Amino acid sequence: KELMAKPGGGAKWLALLRDRELLEVIEGLCTLPGVGPKVAACIALFSLDKNQAIPVDTHVWKVATQYMLPELAGKSLTPKLSIVVADAFVAKFGEYAGWAQNVLFIGQLPAKKLVATEVTSETAKPTKRKRATKMVEIQA
Numbered sequence: 001k002e003l004m005a006k007p008g009g010g011a012k013w014l015a016l017l018r019d020r021e022l023l024e025v026i027e028g029l030c031t032l033p034g035v036g037p038k039v040a041a042c043i044a045l046f047s048l049d050k051n052q053a054i055p056v057d058t059h060v061w062k063v064a065t066q067y068m069l070p071e072l073a074g075k076s077l078t079p080k081l082s083i084v085v086a087d088a089f090v091a092k093f094g095e096y097a098g099w100a101q102n103v104l105f106i107g108q109l110p111a112k113k114l115v116a117t118e119v120t121s122e123t124a125k126p127t128k129r130k131r132a133t134k135m136v137e138i139q140a
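Going by full-length UniProt numbering, the sequence shown opens with residue 1, and the numbers climb by one from there.
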């Protein structure tokens, strides 16, 4: 409802955000119900071509304090420190900092690995070859 009330309607308003500066995009998105700075940064990065947008959450905070801003370790994440973290990512990774942050974020998630295992003739269906390889998901 609120999105549709934006100038030009929802789709047009969102499309116009692509041509705005990142801060203006995030501020604009935060006027929508349920959208805070992190969600706004996600929308900006993944949907509005703002490659330098950094959605800061506890996972990104952990990466930042471990590898980039160790002087902040032990502190709590605040809105002001979110800006410091975002600025640090942009300083380190430049124009595509949002995507670099995304790769580092994914690396911090609990690992699930795919491991190739051999299927023997006892476990394979009779119509298949005697030996095949399948991927099995395991928790690391």
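FYI, nobody ran anything at the bench for these hints, they're computed from the structure. Note that this is a predicted model, so its numbers are computed, not measured. Possibly wrong hints are sitting among the right ones.
[Unchecked claim] Derived DSS-like pairs (lysine-lysine); straight-line CA-CA distance at most 25 Å: (1) Lys12 - Lys62; (2) Lys62 - Lys80; (3) Lys38 - Lys80; (4) Lys92 - Lys80; (5) Lys38 - Lys62; (6) Lys62 - Lys75; (7) Lys6 - Lys62; (8) Lys75 - Lys92; (9) Lys1 - Lys12; (10) Lys92 - Lys62; (11) Lys38 - Lys92; (12) Lys38 - Lys12; (13) Lys38 - Lys1.
[As the list claims (entries may be wrong)] Ranges between beta-carbon positions, derived for each pair: (14) Ser76 - Ile106: 32 to 38 Å; (15) Lys92 - Val39: 20 to 26 Å; (16) Leu72 - Val103: 29 to 35 Å; (17) Val39 - Gly9: 17 to 23 Å; (18) Trp13 - Tyr96: 35 to 41 Å.
Note that beta-carbon positions come from the ideal geometry of N, C-alpha and C, so glycine has one too.
Okay, the hints, checked on the actual structure:
The suggested pairing of Lys12 with Lys62 is violated, with an alpha-carbon distance near 37 Å, which exceeds 25 Å. Distance hint between Lys62 and Lys80 is fulfilled; the C-alpha atoms sit about 16 Å from each other, no more than 25 Å. Our distance criterion of 25 Å between C-alpha atoms is met by Lys38 and Lys80, whose separation comes to about 13 Å. For the suggested pair Lys92 and Lys80, the alpha carbons sit about 19 Å apart, so the restraint of at most 25 Å is met.
Note on Lys38 and Lys62: the hinted pairing holds, with a Cα-Cα distance of about 15 Å set against a maximum of 25 Å. As the CA atoms of Lys62 and Lys75 are separated by approximately 11 Å, the hinted pair is consistent with the 25 Å bound. Only pairs whose Cα atoms come within 25 Å are accepted, and Lys6 paired with Lys62 is rejected, the gap being roughly 36 Å. A distance of roughly 21 Å separates the Cα atoms of Lys75 and Lys92; the hinted pair therefore holds under the 25 Å criterion.
Note on Lys1 and Lys12: the hinted pairing holds, with a Cα-Cα distance of about 14 Å set against a maximum of 25 Å. The suggested pairing of Lys92 with Lys62 holds, with an alpha-carbon distance near 16 Å, which does not exceed 25 Å. Distance check on the hinted pair: Lys38 and Lys92 sit about 20 Å apart at the alpha-carbon level, within 25 Å; holds. Distance check on the hinted pair: Lys38 and Lys12 sit about 22 Å apart at the alpha-carbon level, within 25 Å; holds.
Between Lys38 and Lys1 the CA atoms are separated by roughly 21 Å; this keeps the pair inside 25 Å, and the hint holds. The hinted window of 32 to 38 Å between Ser76 and Ile106 is violated, with their beta carbons roughly 24 Å apart. The hinted range of 20 to 26 Å is satisfied by Lys92 and Val39, whose Cβ atoms lie roughly 23 Å apart. One distance hint, 29 to 35 Å for the beta-carbon pair Leu72 and Val103, is violated here, with the actual separation near 21 Å.
Between Val39 and Gly9, the C-beta spacing of about 21 Å keeps the proposed range 17 to 23 Å intact. Against the hinted window of 35 to 41 Å, the Cβ-Cβ separation of Trp13 and Tyr96 comes to about 26 Å, which falls outside the hint.
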